[in-house]
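**Student:** Each chain, letter by letter, is given below.
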Amino acid sequence: MEVGLTQILFLSTALFFIGVYGFLTRRNMITMLMAVELMLNAVNINFIAFNKYLWGGKLDGVFFTIFIIAIAAAEAAVAIAIVINIYRNFGSIDAEDADSLKL
Amino acid sequence: MTKEELKAKLTEFNPTAVFDEAGEWLNVSIEASEWLPLAQQLRNSAELDFDFLFSVTGVDWKTHLTVVYHLRSIKHGHIIVVKAKCDRAKPEIETVCNIWKTAELNEREAYDLFGIIFLNHPDLRRLFLTDDWEGWPLRKDYVDEINIIKL
Amino acid sequence: MEDNKTITQFPGSVHPAPGGGILVSKFDDVLNWARSNSLWPLVFGTSCCAIEMMSAAGAKYDWSRFGFEVARATPRQADVIIIAGTIVNKMAPVLKRLYDQMPDPKYVVAMGACSISGGPFFYNTYSVVKGADHIIPVDVYIPGCPPRPEALIHALLTLQEKIKAGGTREKIYLEEVKKP
Amino acid sequence: MQYEEIATTEEGNLVINVGPQHPATHGVMHLVITMNGETILNVEPHLGYIHRSIEKMCESLSYRQFIYSTSRMDYLSSHINNHGCALAVEKGLQIEVPERAKVIRILMDELTRIASHVLWWGAMAMDVGALTPFFHAFRERELINDIMEETCGARLTMNYMVPGGVMTDLHPNFVKKVKEFVAFFRTKIDEYDTLVTYNVIFQERMKNVGVISAADAVSFGCTGPVLRACGVKSDIRKLAPYDGYEKLNFEEPLETAGDSYARYLVRMRELRESLSIIDQLIDNIPEGDFQAKTKAVLKLPKGEFYSRVETARGEFGVYIISEGGLTPYRIHFRSPGFANLSCLNHIAKGQKIGDLVAMMGTLDLVIPDIDR
Amino acid sequence: MEVSNIIFYLLCAMILGCGLMAVTTRQIFRAAIYLLFCMMGVAGLYFWMQYEFIAAVQIVVYVGGIVVLIIFSIFLTHRVGNDLAEPEYKRTLFAGLASLFAFLLFWSVIKRNEFFGEQPSGELSVRRIGEEMLNYKQGGFVLPFEVVSILLLAAMIGCIVIAMRAQTEKN
Amino acid sequence: MISLEHISQSIHEALSASLNPTLVLLIEMAIAGILVISLFAVLGLVLVFMERKVSAYMQIRLGPNRVGYKGFAQTAADTLKLLIKEGLTPDGADKFLFNLAPLLVIVVAMLIMAPIAFTKGFQLWDINIGVLYVSAVSSVGVIGILMAGWASNNKYSLLGAMRSGAQIVSYELSAGLSVLTIVILVGSLSINDIIASQQNGWWIFKGHIPVLISFVIFVIAVTAETNRAPFDLAEAESELTAGFHTEYSGMRFALFFLAEYVNIFIVCAIGATLFFGGWMPFHIGSWEEFNHVMDFIPGIVWFFGKIFSLIFLIMWFRWTFPRLRVDQLLNLEWKYLLPIAMFNLLLTTVMAITGFYIK
Amino acid sequence: MGAASLILLIICGLAFAGGALLLSNAITPGSKNSQKGEPYECGVETRGQSWIQFNVGYYLFALIFLIFDVELVFLYPWAVVVKSVGVVALVEIVIFLFILFLGFLYAHKKGALKWQ
Amino acid sequence: MFIVDYIKTVYSTCKSLLSGMRLTGYYFFHHKEIITEQYPDVKAVMAERFRGEVVMTHDEKNEHRCTGCTACELACPNATIKIVTKQELQPDGKKKKALETFVYHLELCTMCNLCIVACPTDAIKMAQTFEHSVYDRSQLTKKLNAPGSKLMEGVE
Ligand code: SF4
Ligand code: SF4
Ligand code: SF4
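Residue numbers (the numbering used here), protein chains in the order written: chain D, 1 to 103; chain Z, 1 to 151; chain U, 1 to 180; chain L, 1 to 372; chain S, 1 to 171; chain P, 1 to 359; chain F, 1 to 116; chain V, 1 to 156.
One or more of the hints may lead you astray.
[Claimed, not checked] Estimated spans, in silico, between C-beta atoms of each pair:
1) P:Ile31 to U:Asp29: 31 to 37 Å
2) Z:Asn44 to L:Lys179: 23 to 29 Å
3) F:Ser84 to L:Gln203: 46 to 52 Å
4) L:Ser213 to F:Ile95: 27 to 33 Å
5) V:Cys14 to F:Ser84: 19 to 25 Å
6) V:Lys32 to P:Ala17: 54 to 60 Å
7) P:Met294 to F:Ile10: 35 to 41 Å
8) Z:Gly23 to L:Pro241: 44 to 50 Å
Calculated directly from the structure, the hints in this document are not laboratory data.
A virtual CB, placed ideally from N, CA and C, is assigned to each residue, including glycine.
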């Protein structure tokens, strides 16, 4: 089967829902963050694939990807800072534990 | 200060002390219970100012144990030797850790090797030997058939 | 008069030295060549002999000429323990553990009178182990107090010969140390 | 057990073992370090991994024999240790040591001091990560060892000083070789400075590390360069001169900062002082006996004898209690390292784990000297 | 089948497999490592699409940055040998079904609208990206570019404030 | 004159004459693979031996001289020994990660090899983002170290790994910034373009002070990135015994060891490419006669000569300086190198725009 | 040889390292004893857990690094075109770096870059 | 000024580091400074007083000077020496104590030289050998008097 956009979209969708699954099942904040990263990656794949297969002449998809990566990094940094803060205060990074505690 | 002056000063502090002037330095023999007050006076009196405890030695005299303290004053340069006598069955003496910090390890050593118990010592444990060692090896009646091979 | 034989014996128990007696093939020759020429010592000096060990590492005697200079701080990467110094009862379990933690093949050199037999501290001491071979099997003994650096190098060369001839050591199990 | 409580109860603190087998302890000391992150909260030395019961053993050795065991305590200052023991016995027996022996003793002491400091320099530099100085230091040390070997017959554990003098006379080459060595070493000290002392990284690592105040240092019983780095005069060679140190013209190096760098500088200056002492003596070694006439069997009178000498690490004391027999009743060694070690926890608190090696390096601990 | 297709499917397997492992494994450090390999797989995919620059950015930021940061925070909050809690059975089932259902839904939508574009464009040169990025005229990306710096500034300040507070509170 | 370029060309031609393209590719890949692996192995042996000899001579001793001819077989013996040494895995360790870590480190070191041009046309992949690729891939290596530290279940390892982690990522920044100065001047990321731009002189000579500064920063940063003294905190023996590889033994340890040396080689190769013109011979402007003479030395010799000079420089550091403390190390990066590198970048920009450099 | 070389290199690396590991596993001797698998702690038993809660120090550096890493990513395409774009590039990057530098200064002032 | 100070620091830093490198560089290129001795190839020359082990001197007639007086045994701090004596019949019919075996435990000896000093007849001396390494420590216990050796004439 010739690999085209469809296959790549399949990949990205699957990856996205793997991320969703992880986000739903995990309770550890760090692993939840990882799941979010997976989702963001799926989105990135989409952008790049569309840019390549549908919008070859332009660079918008590429730029979006770059900015998403930058935002992902900023998000990860802040998220982890918060996680650490929670851990420092409550000695746990379980999302459900943190729910019940006032931040 | 000369030996004489030291002696006079010390008699003031502790009238029952026994002096021995034969050696190089003034030797003072006291009972264990008298040691702590004397030590405080030795350290705190401005004329004496014994701030440097350079040697703590335990001695087993078979009938009793003594702890020998060698003290020097950095400022005045005089030296005094204090011998505190402890009971052999129940060797107890007050610690002087708070007065001379070096005493902490030195007293642990004396405890380790002679079993002299330093009251109020913050951390009186075996120093050199393993924690489960039995006996006080530097006492004269120590026997250890396994380890000590006699000449 | 006492029996002459018993007097000339050493006043303590002595373990037989292990090793030897294994048939070696050509392939083993190559491996033994590698083993013998790449003896990485564990940093294990306990007292005075350690200084002479350092001298042997120093510029004048320079054991790096034989490739011994890669002294490792962790037993995982070492091939040979050079017991340089006295072993006392408190240290014995440590030595045993370090030896155990070394990967095979491993060798032991006892440097100096102390590690051979307790040496200067054989009589009238309550805390000295009378010979490192009460704790772990020793391959080569170097008498002296301390042995010269050359003597240490000679011992390592002797060990090399043993390795070249003997292959890996047979395992021997030793009695536990008397005091923990 | 203190450390176990810390390890399990207080979260966030890490308990780490340095030693008994560890390159930085130069021997087999065991430090249990409690840290928060990389900051040291507490250092607890565990001793006794090389406690060889020398004091017990000496109770069954005669006054000639026990000296050899002191070479094994502070093996880097073995001459000076032997010297102290010989002095104590001489005090008891009231032996007058011939002039020649005294000068030989001082020369040997100072050479030993140089050898010891040189080794310390190399080892300390190795601890802070510079590996080359170690080898350069051993070059000089080997020269001294050669001189020693020629006269005393051993490289490390000399057993050369005996009650009443020294064991053998100087080797004919001694004077020439020592002069050569002194001239050579003068040039090499400058190299030491280039390689280590002036190195910015080294200075940064040493300055303001392990600071101890003079009062604390005295209270902890520190001696030698550790105390002198706080500006307290403590050289036994000056305070209670023995064997002719009073006739010599030398200075006691003092620094005031009390940190590792000050201790380092004190030792470096001591090297130069030792050289100048050797210079003063090497050309006029008096002729005469190298040993006083003594009986074959020594018997100390009943009494107590205490002698003090200045080793490379500080004040070494020998305390002999004699009951008049062939062997001492009780013998106690006041080892400089033992007292110097006791301040380690005090100075290490609040410092970084990386500084620990700098502190230990400049305290210059010889573990068998501490454990005895 | 062409070699390039094989490579694509291998990459797919790597991305999905590692992604799945990352969200299911019970050892947190391994999860981070699987995430790492997943990210590497995505980077590989970008290489495969000849978007080398994006691939490199992916590696630099995700692998060299975010994963390292995650590992650091794992060091800070976990112990070796401590497994993560087993997710509740019900929860797993629910999440699994939900994501599977949603996936099928999405997939059917995608399948319905078969995308067929022009032939894939060729290489992506860094020069072009740079020119576009600095282009302040219509269609250029200079504004987002500058905004990113503000975003990063905000993130940095936020991190520092939060993290430093954690530190001071503890002490 | 026969050069490597000709050889590879003629092999390619000979193969494509008789075989179909896929097979040619496969065969060429096999050849390249063998070459790379042997380069790895040889590099490991040579660099370790070089280190030992350099250290020995600086330390007024002889160094290995008895195994094989003048000691050349010493490292071979060591390698063989490590190969036949028992590889321990501690009980508490995470076995999977423990074994994966050295593999990862080696694979990463391998991957960086791709864009390095050894001589003209002798390059695995002339990727258009050359230097970015290198810094991207090399940033993965740190994960192997962190992994090793975590998996060992040992305090020293963990601390060592933490330290190297913080150190490597920090210094990546200034290394990246110093690389950028050359990128600005060249206007391309491709390794081949960078080399080609130094046809008439190496950047270190052409680029005035900014390039000089960035070279200094580069050397410091890569020394730190490869965990070499005076930045070898990760394995500071006197503090942490052996750092992250405390628990590693046998071949796994050897792989870490090898990766360390290969990494040094690679960063020096990058340094040589950026600042010293890669395989480009020493040329002075348009002095044709001189340039011709220089051209007689094959490019690969130039390249390896430059790399080994840089490696020698890094070794020289190691055997001279004491190690920095961890806070000093991070201070150096964040307080000095990074601001200076940023400033230097702007300086270079100005220089590039005004054209104030030797073209 | 192009992108295929990446695969080649990965295979090479795996073959080299994995092969060496397998070979060494196959031919090395081994013995087991109770101490061998214990973590090495300078020869004494491990105390406490092998776990450090390092203080936020290290981790702050990683955070700030991440931010700068992203910045670096943007600098690459910029650097490539500086020469051709000219002064505009300079101005734009000065703004970019200046904003980031503010953050850097902030970090400095807050002491985040000071080793704790 | 700040900038001047800054530059000064950088300058002095570089200078100190470079001077260190110059020194090591000097040693790297000046191999004449190397002091390594190639021990097994070039036999080491021992100082004549070096204390390597205790030996008993025998002359060419296989005679030694030890009377078996045990002075050395007493002097030794470490009981390294064990003298075994026997009663020997003298020509004049008297019995006399004589040395049978001189046992010397090399593995215990501390090379302290006290036995040599104590010996009244200079029967023993220190040898300069040092290559004593063995595989089995029982090989280190030695008999110093050569088999069949006798007391030298005239030594009391
Ligand atoms: S054999 Fe001698 S030198 Fe060696 S450790 Fe024992 S006492 Fe020290
Ligand atoms: S040298 Fe010393 S230890 Fe050796 S036998 Fe003679 S007296 Fe005994
Ligand atoms: S060697 Fe000398 S001291 Fe020893 S028994 Fe013989 S004669 Fe006496």
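**Student:** Taking the beta carbons of Ser213 (chain L) and Ile95 (chain F), is their distance inside 27 to 33 Å?
**Tutor:** For Ser213 (chain L) and Ile95 (chain F) the Cβ distance comes to about 53 Å; the hint is violated.
**Student:** Could one say that the CB atoms of Ser84 (chain F) and Gln203 (chain L) fall in the range 46 to 52 Å?
**Tutor:** 48 Å, holds
**Student:** Taking the beta carbons of Cys14 (chain V) and Ser84 (chain F), is their distance inside 19 to 25 Å?
**Tutor:** The hinted range 19 to 25 Å is violated for Cys14 (chain V) and Ser84 (chain F), with Cβ atoms some 36 Å apart.
**Student:** Between the beta carbons of Ile31 (chain P) and Asp29 (chain U), is the distance compatible with 31 to 37 Å?
**Tutor:** With Cβ atoms ~33 Å apart, the hint holds.
**Student:** Honestly, do Met294 (chain P) and Ile10 (chain F) meet the 35 to 41 Å range at C-beta?
**Tutor:** 37 Å, holds
**Student:** Please check whether Gly23 (chain Z) and Pro241 (chain L) have a Cβ separation lying inside 44 to 50 Å.
**Tutor:** At 19 Å between Cβs, range violated.
**Student:** Just tell me: holds or violated, for the beta carbon distance of Lys32 (chain V) and Ala17 (chain P) against 54 to 60 Å?
**Tutor:** Distance hint for Lys32 (chain V), Ala17 (chain P) holds at roughly 59 Å.
**Student:** Holds or violated: 23 to 29 Å for the Cβ distance of Asn44 (chain Z) and Lys179 (chain L)?
**Tutor:** 52 Å, violated
Violated hints, in rising order: 2, 4, 5, 8; the structure is consistent with all others.
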